[in-house]
Structures are given as C-alpha cells and as structure tokens.
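Colleague: Build out the structure end to end from the sequences listed, making use of the hints.
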Amino acid sequence: MKERFIYIFLVAGIGFFVLGFIFQILGPVVFLRKIPMKRVAELVQEDSNGEFYKLAEDYPQEFAKAFGEPTPASYAEALRLGRDIYIAEACWHCHSQYVRPVANEPLRYGPVSVASEYQNELQMPHLFGTRRVGPDLIREAGVHSNDWHVAHFYDPPSVQPGSVMPSYRWFFAENGRPNKKGLAMATYVQWLGSWQRR
Amino acid sequence: MSTQRSLVDHRLVMAHLIAAVTFLLVVLMTGLLYSLQFLGRYPFPGIELFSPGRVRMVHTNAVAYGWLLNGLLAGVYWAGPRLSGRPLFSRRLAWLIFWALQTLVLAAAGGILGGYAQGIEWGETPLFVDPFIILGLVLIAANVLLPLLKEREEAPLYVSRWYFIGALVWIVMVYSMGNYIPQYFVPGAAGAAISGNFIHDLVGLLVTPLGWGLMYYFIPTIIRKPIWSHTLSLMGFWGLAFFYPMQGLHHFMWSPIPMHVQYSAVVATIGIEVVVTSVLANFFLTLRGRGDYLRTNYPIRWFYTGMVFYWITCFQCAIQGTLTVQKLIHFTDWVVGHAHLVMFGVFSFWIIGIITELWPKLTGREWSSQRLHGWAYWLCALGLALMFVDLTIAGVVQGFTWWGLNPFIDSVRFSMPFWWVRTLTGLMITAGILVFLYNLWRTALGKPAYFTERVTA
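Residue numbers (our numbering), protein chains in the order written: chain A, 1 to 198; chain B, 1 to 457.
Some hints could be false.
With a Cα cut of at most 20 Å, we get these calculated SDA-like pairs of lysine to any residue [to be verified]:
(1) K38/A - Y184/B
(2) K181/A - L49/B
(3) K327/B - K38/A
(4) K181/A - F50/B
(5) K180/A - G46/B
(6) K38/A - Q183/B
(7) K327/B - K181/A
(8) K180/A - I47/B
(9) K327/B - K34/A
(10) K327/B - H260/B
(11) K361/B - M343/B
(12) K181/A - L113/B
(13) K327/B - V266/B
(14) K34/A - H260/B
(15) K150/B - I134/B
(16) K180/A - G114/B
(17) K327/B - P101/A
Label pairs and their in silico Cβ distance ranges [stated by the list, open to error]:
(18) V396/B - V11/A: 37 to 47 Å
(19) Y184/B - V112/A: 38 to 48 Å
(20) Y438/B - V112/A: 34 to 44 Å
(21) V11/A - W375/B: 42 to 52 Å
Computed from the model, here is a short list of chain A residues facing chain B with C-beta under 10 Å [stated by the list, open to error]:
(22) F21
(23) I87
(24) E89
(25) A90
(26) G110
(27) V114
(28) E117
(29) F128
(30) H144
(31) Q160
(32) S167
Honestly, the hints are just simulated from the structure, not real lab data. All figures in this text were calculated on a predicted structure; none of them were measured in a lab. Backbone N, C-alpha and C define an ideal beta-carbon position, used for all residues, glycine too.
Modeller: Shown next, in the form of structure tokens:
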C-alpha cells in the first residue's frame, strides 16, 4: 500500500506538504494577523520630518527634476522606487534588516526588531536578508547624513576605508550628482528605522 | 537494447546533460567573478549590467534551474522509463520542455542582470518568468507521472519512483508558494516564514528527493547488488516527506517570526538527522563487499563522496539549526560554506557521477581518459573540502567580531585572508570541472568504440 502511486501522491506529496504548510506558514500568519498592514502613504505620514525632506535642500536641482516638490506624495514615490532598486541590486544579499536579541546586537544596532515593524507594503516581499557582509540596516535612519550616503553609493571606500561594497555609478548623473535612482536609494536607507530613531 | 532505446530518448537525456554542463560553466564564472569583488579586484567596476549583486543572483539561480534541474531531469528521463517499463507520456512534450527550460533560464539570467530580480531568495527569477516556470513544472510532472497512472499491476513501486513522484508534486506547490505568497499576499515576518520554507524546500523537496531517487537507481545497477534494506529505504522516504516541510523557519532564527514556531523548526531539523543517518547506513551497507568500486569506478566514487559530504551537511544542520549556534553563525560565511557543501559537494557530485556513468552509453564511446577523471575528482573534492573548511572558520571569526562589538569593518578586514582562500579553492573547483568537460568533449569527438551496454534494470 505504502509503495503505491496514489498513496505516495496523496499522503507524501499533498498531505505532508499541507501539514508542513500549516505548522510553518499558517502558524505565523495566524499569530500575526491582528497587526494592521500599513500602506506607504501611512508610513510617510509617520515620518513627517524624515531625511527625505532634507534631500530637497541638499540637492535642490536634482531633487526638483526627479521628484518635484518634497511632499508626502513624492516621499512615497521615492520610497517605493528606492525599495525596488534595493531589490534589483540585491542589496539584501549583503545587508540584513533585523536586529536579533542576541550576540550584543541591541548594543550595536539598537532596539530588537518586532513583527509590527515589518507589517507593511514595503516588506512585501520581506527584506530580512541572509548575510551581513555589511552591517544591518533596519536602524539606519539618521545614523549617517544624506551626503555620507550619496558619497558612499558613489565610492564606498572613500567614506568607509576597507569596505568591499561595489560602487553604484548608475545612481549618478554625468556630473557626479545623484540622479533619481540615487536620491531614491538615499531616501530608502534613511527611512529604514525612522520609527525607532535613537 | 532496442526496447530500451524506444523507452528512453537518448538524445533528450544528452541534450539535458549538455545544457546542464553549459550552465555549470556559467555558475563557475559568476561565482568566481563575485568572489573577486570581496578581494577588491572586480574586473567590471561601475558597470550596471555586471554589478556584483546581480551576478551573485545569476550564480545561485543558474545552480538551481540551469545546472541541477537539467542534470536531475536527465537522470529522471533515463531512469524513470526503465523503472516503469513505459516511455514518457509524450516525447515531443519533453523536447518542448527542454527548449522552454533553457529559454527560461536565459530569460531569468537576462532579467536579473537587467534589474528585474524578484526579492525572494533563490526565487530571484523575475516575475515575468515565474508563471512559465510553474507551467513547465506542471508539464514535467504530467509527462513523467501520467504513464504511471496506466499501471494496473499490483506490484509495489521501487523506491526511486516514490522520490520522483514526491519531488515532482512538491516542486509545483513549493515554487508557487515561494514566488507568489510573500510577493503579493503576506508581508513581513509571516512572509519571511514562507520564503524561508521556499529556500529550504527547493533543496529538500526537489533536489534532494530527485538526487536520492537517482542514487537508489544508479548504485544498485552499477554495483549489481540490491539495496541493503527495503525497510530503511521506506523510513528514509517517509521521514524526508514528513520532516522536510516542517523546518524552513530555521533560516530566520531569532527573527520577529513568533518564537514557538521557530522552536518547532528546530525540533524537525534535528529529527531529520536520524532519517538521514538511516538512509546513509542503508547505502553504505549496500556497498559492503563492493568496496573496491570506490577505487575503480568513478561514478560510484562521486556518488559515495557526495554521500559523505551529505552526512556532514546534515550533521551540521542539526547543530547549526539550534538557537544557540545561530547566535554566532547566522549572517556569516559559515552558512555560505554550508550551501556550497550541499549544492556542490553533494548534488553536483552526484550529477557529475551520473554524467560519468551515462556519457559512454549516450555517445557509444568509451571515456577517452581515466586519468583526467582522477584529476577532475581530486581537484573538485579537495577544492570543495578546503572551501568548506575555510568558509566555516571565516564564519566563526565574523561571528565573534560582531559579538565582541568590534568596529563592523573588522569583520571585513579579518575575513580577507579567508576570502582569498575561497577564491583560490573556487579556481581549483573550476579547474576540476574544466578537466572533466575537456574529457567529455574529447570522448564525444573520439572514435566510436565497440561497446556493450551494461544490463540496466
């Protein structure tokens, strides 16, 4: 019986997979279901004083060309674009986005991550990350200045000697000033953890 | 012989193997390229299309879909019909799937380099590729499994076929789950639970069962001896089917995913080690009395070396899958070493072994050089073992610099010697594979030899 097609198909193939799905996936989904899901519009409302608005002063011409006025709406647009580039460039393969309650991480990075911080549109798909070639980024907001980030994207070792991060020259215009991508990326990393500024 | 020819489409098997080794070259090139970034010697700095991050994703996805899937499918197309006595449902469909698969892998690689990667680990295949891959997986399952439905006889199925059935059914669900639910339906921590399971199941519910299914076929046919224990093989299969889908969360320990779900993953992770040991015991007892095959028969040598690595991998899993060890080694190169041990040391070794066994039968020519086989084997095995040890130590070093609150850049500085060794061992592996491919090439171009096919069940 256990060696017949239909038994293997139904019990091992479908049955055990569903069992695993219940324990490993429905479990977390059910436990976290009461945390409200936030849209990007809500996220930018919560960060009304974010570094994004400072970008408009730091790079006025480039900012105006890329996003027009510094408003919550343009903040949302920049955040979304920044998140998309973060995925396309696989930033998340070298930078994690959660602080664990172990290995002195709260001392290094700040408050331990909790599930509600991730219940939003920009964490769909989640960007927990898998490797820390570079540091965790979920408490990054305001740690460095906008200028630091822009210089860092252009040539990481210039501001962090010894860094092995690649340079992202396509975030910049011919004249070396950040383009729309560069501004969006600065917006995104400066937003990460803006709700938990130290 | 003639009946076996009509059972198995030799050209199809060969086409998949050629595609597999072609993508293996891509895998090696992208891996080496990416490792150079860590040494500050990346050859294409500042070029968007060859950004190291994108190259890394091509590396991992080419492993899964270009190299392993092609290689394992070749094995299934060879062994499946021989075991059932029936050809595939449709040969034309199989060829269609072949061309579609290669097109999709290339499209995925192009999409990733072009900046359309999806943010799912090991599922970075762009969103426009995913529906076609799912369709392809359904068609593969139908093509291989539909002939089984016609079987009326009461004889139980051989163990290899349990694994084939399981794998082909699981992968459709695994792929759809991993690529769509976290992308569109479930955010954050719960989404991470799904993608953790996706990474895990892509190994555990596709590559592993197909790999073991093929081992259960090739090893008894090569050493001409039945598998030692039917009961142990039953235990191995059902243990895998039960435990594997229960542990994907161990990829995100200490994360905001609810802790009690993480605990359950730890238990299943340790549980599967028992199952793995039973399977390996079965295979090593099967080899009893045929030990000289390890010296004289290259396929058997690749297979059993892979099994030793498999046991190390799984033993490592049971240890590193605990919350205690995760504190130190998560996010470090330890995990990278583990991944290379599994994907190269086990499944790639098995596929190389399968190619070594099948290539003379497919081409009708004897291997042009046995010495080159030795070179390929030792370069790959030593290269991989060194890489694994190197990355494991690197991981511990990195973990302690973080724990010790050194400036972050210390973990990069201290890793530098390990990263150099990593690149050099990568070169060793590449050299080994190139030797193997040269042998493959020379054999295919050589004179057809008088050749009798071994009786294969």
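Colleague: Tell me, in ascending order, the numbers of any earlier hints that this structure violates.
Modeller: Result: hints 3, 7, 9, 11, 15, 19, 20, 26, 30 break, sorted rising.
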